[in-house]
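Asker: Counted from 1, the sequence shown has number 18 at position 19 by numbering that gives the first Met the number 0; the numbering is strictly sequential.
To be clear, the hints were calculated from the coordinates, so they are not data collected in a lab. C-beta atoms are modelled at their ideal positions from N, C-alpha and C, and glycine is treated no differently. A couple of the hints might just be wrong.
[Unchecked claim] Derived Cβ-Cβ restraints for the label pairs, each shown as a range:
(1) 25 / 67: 14 to 24 Å
(2) 81 / 14: 25 to 35 Å
(3) 89 / 8: 13 to 23 Å
(4) 13 / 80: 35 to 45 Å
(5) 12 / 36: 30 to 40 Å
(6) 22 / 59: 12 to 22 Å
(7) 80 / 36: 27 to 37 Å
(8) 75 / 2: 16 to 26 Å
(9) 52 / 13: 17 to 27 Å
(10) 46 / 16: 15 to 25 Å
(11) 47 / 86: 16 to 26 Å
(12) 2 / 81: 31 to 41 Å
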Amino acid sequence: MEKHQSVRAKLKSGIPVVGSWLNSGSPIIGELMANTGFDFVTVDAEHSAVDLTDAQPIFQAIRSGNPNTEAFVRLHGVDYAFTKRYLDAGQPALSLL
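Please build the complete structure, drawing on both the sequences and the hints.
Answerer: Below, the structure written as structure tokens:
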């Protein structure tokens with residue numbers, strides 16, 4: 000059985016990764032997307048109504064749908080306290096654009 004590589008490790012090795020954006024506040028959609036075999040799903044908290052309260056169950060659903068699918072989040076701004084709340088919620092990857 001092949002050991003799972005993180006998105007970061009794959010990118011560093013030149014291995015292509017495939018993922019998608021999630022604009023819905025539905026954990027069910029997040030779980031279904033993870034079940035497709037994506038390497039990552041990025042929850043869009045910038046251009047959607049998803050906030051931290053909505054995002055936490057979505058992150059959990061992505062992990063339960065496929066433990067190898069990484070959950071990322073794109074935040075709507077660079078605010079230290081706000082960013083820290085997402086990190087405290089267990090997000091290993093944030094996109095601050």
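Asker: Does the Cβ pair residue 13, residue 80 satisfy 35 to 45 Å?
Answerer: holds (37 Å)
Asker: Could you tell me whether the CB distance from residue 22 to residue 59 stays inside 12 to 22 Å?
Answerer: holds (18 Å)
Asker: Between residue 47 and residue 86, does the C-beta distance stay in 16 to 26 Å?
Answerer: holds (20 Å)
Asker: If I claimed the Cβ atoms of residue 52 and residue 13 lie 17 to 27 Å apart, would that claim hold in this structure?
Answerer: violated (38 Å)
Asker: Quick check on a hinted range of 27 to 37 Å for residue 80 and residue 36, using CB atoms only.
Answerer: holds (35 Å)
Asker: Determine whether the Cβ-Cβ distance between residue 81 and residue 14 falls within the hinted range of 25 to 35 Å.
Answerer: This hint holds: roughly 32 Å between Cβ atoms.
Asker: Holds or violated: the 13 to 23 Å window for the beta-carbon distance between residue 89 and residue 8?
Answerer: holds (19 Å)
Asker: Given the range 15 to 25 Å, decide if the beta-carbon distance of residue 46 to residue 16 lies inside it.
Answerer: Since the Cβ atoms of residue 46 and residue 16 sit about 22 Å apart, the hinted range of 15 to 25 Å holds.
Asker: Honestly, do residue 25 and residue 67 meet the 14 to 24 Å range at C-beta?
Answerer: Because 21 Å falls inside the window, the suggested range holds.
Asker: Measuring from beta carbon to beta carbon, are residue 12 and residue 36 in 30 to 40 Å?
Answerer: Roughly 19 Å apart at Cβ, these two residues miss the hinted range, so it is violated.
Asker: In this structure, is the beta-carbon distance linking residue 2 and residue 81 contained in 31 to 41 Å?
Answerer: Distance hint for residue 2, residue 81 holds at roughly 35 Å.
Asker: Range hint 16 to 26 Å: satisfied by the CB atoms of residue 75 and residue 2?
Answerer: With a Cβ separation near 35 Å, residue 75 and residue 2 fall outside 16 to 26 Å, so the hint is violated.
In the structure shown, a violation is registered for the earlier hints numbered 5, 8, 9, in ascending order.
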